[in-house]
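Below, each chain spelled out in residue letters.
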Amino acid sequence: MIRFLLRKALGLVGVLLAISLVVYAVFYLAPGDPAQLACGEKCSPAQVLQVRERLGLDAPVHLQYAHFLQGIVAGRDFSAGTGLLHCPAPCLGVSYRSGEQVTDMIAARLPVTASLALGAMVIWLVLGVGTGLLSALRRGRLGERLLTALTLAGTAVPVFVIGLVLLIVLCAQLRWLPFPSYTPLTEDPQQWFWGLLLPWFSLALIESAKYARLTRSAVLETLAEDHIRTFRAYGVGERRLVTRHALRGALTPVIALTALDLGTMFGSAVLTESLFGLPGLGKLLVTSVGLIDLPTVVGLTLVTGFCVVLANVVADVLYAVTDRRVVLT
Amino acid sequence: MSRPTSTPRRLAAASATVALVVGAAACGPKADGGGGTGKDAAPQRGGTLTVLNQNPQDQFDPARLYTSGGGNVPSLVFRTLTTRNRADGAAGTKVVPDLATDTGTPSEGATVWTYHLRDGLTFEDGSPITTADIKYGIERSFAPELSGGAPYLRDWLVGAADYQGPYKDGRTLDSIETPDAKTIVFHLAKPEGDFPYLATQTQFAPVPKAKDTGTKYQDHPVSSGPYQVEKNENDGAHLVLKRNPNWSAATDDQRKAYPDTIDVQSGLDPAVINQRLSAGTGADAAAVTTDTNLGPSELAQVKDDKALAARVGTGHFGYVNYLAFNPKVKPFDNPKVRQAIAYALNRTSVVNAAGGSSLAEAATTYLPAQETFGYTPYDPFPAGATGSPEKAKEALKEAGYPDGLTVTLTHSTDTGKGYGPNLATAVQDGLKAAGITVRLEALDSTRYSKTIHTVGTEPGFFLSGWGADWPSGGPFLAPIFDGRQIVTDGYNFNSAQLDDASVNDEIDRINKITDHAEAAKRWGALDQRIGEQALTVPLFHPVYKRLYGKDVRNIVISDWTGVLDISQVAVK
Amino acid sequence: MAPRETRAGEARAAAPAAGGRQVWRRLLARRTVRAAGLVVVLLVLTAAAAPLLTAVEGQDPTSYHNDLLDSAAGGVPTGSFGGVSAEHWLGVEPGTGRDVFARLVHGARISLLVAVGATLVQVAIGVLLGLAAGLGSRLLDQLIGNTTEVMLALPSLVFAISLMAVVPTDFSRPLLLTLVIGLLGWAGTSRLVRAQTLSLKQLDHVAAARLAGATRWRIARRELLPALAAPVLTYAAVLLPTNVVSEAGLSFLGVGVKPPTSSWGQMLSGATTWFRADPMYVLLPSALLFATVLAFTVLGDAVRTELDPRAASRLRVGTTGGPGGPGTTGEAAA
Amino acid sequence: MSPEPLVQVRDLVVDFPVGDGHLRAVDGVGFTLEAGQALGIVGESGSGKSTVASALLGLHRGTGARTGGSVLVAGVDAVTAEGEELRRLRGGSAAMVFQDPLSALDPYHAVGDQIAEVVRVHRPVSRRAARARAVEVLDRVGIADPARRSRSRPHEFSGGMRQRVLIAMALACEPRLLVADEPTTALDVTVQAQILDLLHELRTETGAGLVLVTHDLGVVAGSVDRVLVMKDGRAVEHGPVADVLGAPREPYTRALLSAVPRIDAPAAPGQGTGPGEVLLEATDLRREFATRGGLTRRTAPVTAVDGVSLTVRAGETLGIVGESGSGKTTLGRMLVRLLEPTGGRLHYRGRDIGALGERELRPLRRELQMVFQDPVASLNPRRTIGESVADPLRVAGERDERRIRARVGELLERVGLDADWYHRYPHEFSGGQRQRVGIARALAPGPRLIVCDEPVSALDVTTQAHVVALLGELQRDLGLALVFVAHDLAVVRQVSDRVAVMRAGRIVEQGDADTVYDSPQHPYTKGLLAAVPVLDPVEATARRHARLAAAGA
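Chains as they are written, first to last, in this note's numbering: chain Z, 1 to 329; chain H, 1 to 572; chain C, 1 to 334; chain P, 1 to 553.
Source of the hints: derived by calculation from the structure; they are not laboratory data. Every clue listed holds true.
Pairs of lysine-lysine residues, derived as DSBU-like cross-links and limited to a Cα-Cα distance of at most 35 Å, are as follows: (1) Lys258(C) to Lys391(H); (2) Lys182(H) to Lys256(H); (3) Lys330(H) to Lys258(C); (4) Lys328(H) to Lys258(C); (5) Lys258(C) to Lys432(H).
Label pairs and their in silico Cβ distance ranges: (6) Val13(Z) to Gly136(C): 21 to 27 Å; (7) Pro111(Z) to Ala49(C): 50 to 56 Å; (8) Gly136(C) to Pro90(Z): 32 to 38 Å; (9) Val13(Z) to Gly527(P): 52 to 58 Å; (10) Glu371(H) to Phe81(C): 42 to 48 Å; (11) Arg403(P) to Val13(Z): 54 to 60 Å; (12) Arg403(P) to Gln202(C): 29 to 35 Å; (13) Ser248(H) to Gly83(Z): 32 to 38 Å; (14) Lys330(H) to Gly136(C): 54 to 60 Å; (15) Ile2(Z) to Thr80(P): 57 to 63 Å.
By construction, the Cβ of each residue, glycine as well, lies at the ideal position given by its N, Cα and C atoms.
Pulled out of the complex, with its shape left as it was, chain Z reads as follows (with noise of 0.2 Å):
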């Protein structure tokens, strides 16, 4: 298990390695000079050299990316105006755009992500989980049949399209619902709820199409297998059969699962974010591409890259816990 955990953690750090080699490559590659976009188009050539110099950019490359390793190790000072702006180790640079330490950026939004994410979990593993178990049971019956046609039209359709129809009906038309907003939890835990809700939804009904379709089709396979067979030959009633053994087996997939969606939601989660205004990783992300902040991007794909591995590893370790059989190496 230690020697597994080390193994990973040295891995991670390969891979966060690789990608920000990768960004800085294809940012290097990409079109648009950050300092122009920092200073304004109206920019005179002196003042765009002036901000170059002061964001660093004058340096070769290979310079810049050894600096911005230097900063994640030891960390980093960069010039304020009135005075230095220490940014401490782990630094991830400031903002090109707004000058902000891009750690303090990413620990604003860090809360909103989480939320929609942890959220929307809930919702997606309770309506998967309950999709999957109710269409397992019913096979091949015409509400069954519904239900899976159901949950594949939720994999069918672009959250863009599913979110902004169910904002349009449920909080412009039926009110139902207010319009989602961003509430930190610990301001106000109700409004928090309510303002969420409908990010939730929509993320959550794309998502569940994919539990519901695993979780189907790991109990039907559960079934299938020779421990069942015992059980029913002891007299155990199908629904006990279901819902302690084959679901039981279900369960590790849909874990694994789950950690690995967590972890990539926090890079994804871009489109839903965008679509309700909520101000976290993904919109963020996608803002700082546009704008060439490079530090901000580099930042904001470690963090998520780090989620990704994280969650194979949790996913991995979930695997092992749920399923004894299972053995790390």
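Based on these hints, arrange chains H, C and P on the given structure of chain Z.
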């Protein structure tokens, strides 16, 4: 520059051309806007005004803000030497004194401008505002740490070209003199009759040197206006302003400041903003937007809903969307080719692509259709609303392309901007009838702006737009057509690279005129003269249609900003 | 951009299957499969015959019809159901008046082409790398494993956007979309193939091939690839609709096909705000997208059920007979 | 005899749906069983014996199978009973012990909980009481420290222990009938003996009836009172065990009995040519696997083969016998270099091949071949058998399609298949036929030595006998050296000149086959031989007593 139509998910927020924050001002009962509830009851103090916006107020340092007339939200916190007149329509295009006692006294052929401060001005902490604070505010806007803002000061002030702000070595700008705490004198390198307009921008807001925290200043800038920052979350995504107890209405005849609190929520999708405004539930009943138009689909809805229609404010901001040519690229060096395109253009398609006739007025003039710019109606290539393929073919034949012609139109991938694929395909379809085949070349928005504004890479034929930093013909025509403003090693806006001595001289002559109405007439005449060369083909002037909540009253929409002025509205 | 494979699917070794023809026959015997197959065939035919179909209608996908729009109302089509008429079978597009039917059928070409192409790229890279990782040295396995991990951890959307920006604009957009989606989405396939290869490698017939002196390449080709076909095919059936949605997403973000070319994604992205004013315009591309995804998913599921013996014996009290094992007799209740 | 027998089966018919029609798995079987008695149902695969066992509990209900006739178990008709009645029958009156103890238990729950669950289905007791009952029955079946072990999950038990858990589950509700379906097939011979003894003991103790389904005649010999022999869904012969095994009336029963390899019969395998040159010589061969520890366990390499030395000469058969986990398969695979030894040396005809790379090995490959255990996995299901057999020829560079066809046809005929079957796929063949294909493939490159890894353990006895005969024949005709790896002591004796007995990676005894079998030196070999079931019921009972006495001592 602000863009009229709604901007769905923008990949790149750096919009660029001109005024960024724009503000918005005001005005009220105008056209169909009618004011609705606004008219009946007298506005009262109190309540919370919610602002629902797409673009976060991600910069809130007066040195970095790029505004027209001081901006809408920023002008609640920053008072400047002068400001825009908070009045409906054309009256709102006037410049009026703010911190200063008048709009400035020019001397020496409009190269020296002198201002005096009013009495009793204080910051939010109660300390007095002095001219030294204004001088310091301008100086720090030159620091590379605080990049951004309009470029004029660097061009206009004596000795400002290489100035790097006060941070590095404590240097100050000698061309700004503060003989006493109430007087400030600006020395310009050339005559600028429009200086009072420039003095409306946030760089002219006072900044107390002792409270300056450099790049961190924007988290809580020291207020000189009726509101101060209470909360600034996620780089301006959520901004809450509350009353500044040390602001006195007696010293400020422009800002009404009825609501107690202003809650600015941004980062919202345009469709969401409009749905929220139209539903008007809860706090949204007292909500407005300063940057989001009604979308075309919502207009269809408004048409059938009288109550909703009464809550639409219509405004005009000086802006033009146009087709730009680079005559250095064949075949656009041939004026006949450019004329053929001007004849062939189907402006109805273009207007529909821009959101229909409610959101865009077909344009044949470069200058916006407002007196303050010097608008003079003309149409050098009359071809009706849908274009004239015959006249175009005629011109093509004269140009030596009797069998038609294939050209490339460059546009941005950003659907929200006025240079996106929607407009490009509308142009493309219109030219088809005249035998002009248009190939489209799309660039993502950051690359697009760099490409079209760099002399070496500028394409021959592309979509562009221009808005003024203040309502005057000068900032509208000079950057685009003044030969001395061609920039070869930076961003160039004179896309036709026109360097015509007679045009240059006329611009110089008008700049010396300090009488705005007189100058406007001359700008109008110049516009027509340039327009006949077909260096650009004007497409349309955008119209702002903005919904506001049902509890919002005292609507003021000026022609300076085209949107309702937050400093005037009341929610009680 | 690619769906994550499930562990359950990953761990399952490819099982021997009955002959291909038999599977084919059994597949065709199902009503749902026939229906799904019909949908796919229709789609492909429609896409192929797009110019013909629009010619029959008498329209083309790019011509504007300003006279059919209410300009003051934002350019909404006049007439009911988004301007449906004898000339315009499915109405016209708001804001432009372009014929919706023509744009839909032409859009099918791009959507299907890009999705199929991207799936092929994903599968090709995934199979190649997965095989290499499964058969190659430990080092190679580690290297490919790490690369896969990086690919999974990259925010693919950002990279898609950046890549689309880096490539010159005269590069064919559909091809670029295909490549970008393909290049960013192979990690799942590669993992699947690697896992399958590792478990297949344990099978005795692979050992037998080694004993026969077969080279690694020959083993991969003769013994592994045929067995990989079923799981990879199944996985591809899941990838394909996802790629349709990916194309839509990229078009939605403005980095998709070049206008005036239409694709479903581009139509959808433009349509969402029209939901209230012109519902037809939203529903049509959505419905097509849904039908496509549904059809491919049904097919994928069916193929999987037929090729996976565990699914076949599902819910039967299989009484594995004596030591003879299942397979040869009816006692296995197959 | 009580007026009503415990089990009364009359005209049982079971049809399974296959494609469009039905396949008759059981056709008119009938028998009775009194309480306290044991009935053995024997037959080869496909005979329908397991289906009969399932029918006793009505397990075909709801699967699409059609059942006819009547199956009265403790007064309940399993064919028609519904709902609560059926539930009471299952586990309450009659309990089933399944074949594969690993897959027959839920991997996710503790075994104690699983047993308790069954208890609570049939008895209105508290959770705690049910758990106590679980511990009680676990104790009864001989699980040490049952309270603690009841909290373990199935994978933490060995195969034999798992089978005991399954029996405990069957006992939980004190059923009147135990149905054991191949309860020992997956187990080693020594464990098998223990389980059979346990079943016997429980039956005498509780007075429950026992239906024992098995393919192994040796298993029934000592464990049941009556035997029912089945073939193709029909009862072929039915009678007291001594009569059926001692004096079979039906030819099928006789054939079945004669096919069973006898451990006590010294066979005279291919002594024809006599041992020739030394082909393969292993010295101190070792193989370790770097394995995976569990979540919390530390990883430590496992030694599968621990210093084995042996020689194989041309023309002789070396039998390697051992129980599961003894390392015999690993050794077999190392001998043909499918696995690389981690220690020791391996010489083939004087050349050290222990550390050769894949590329250098390739020319030698054709001389060292292998026949695999599982006839399903050892043939590529997606290629015709002809292609599989032709593979070594093609790899060797043969390009002439006609010559390949001819040679493959020859090989197929040589192993008793039809040369025209070139284009058939493996699934069209029975297990025995597939194994013949595997042999043909091994023969194709013209090897000098073939390692047979459990080549007949997956086959029915009659088939097994044929394949063993074929191997012997081939060896004689072609002068091959064979290494015969198996767990079945009788089969090994039947084919081997020399025998090596493996245990825990080491060879504990090695020598001439007759010597090892007739006068084993090592106690392990002795124990192994004593555990082998014998066909004579009297002898079997005697051995059981001997075992019990030894255990009690």
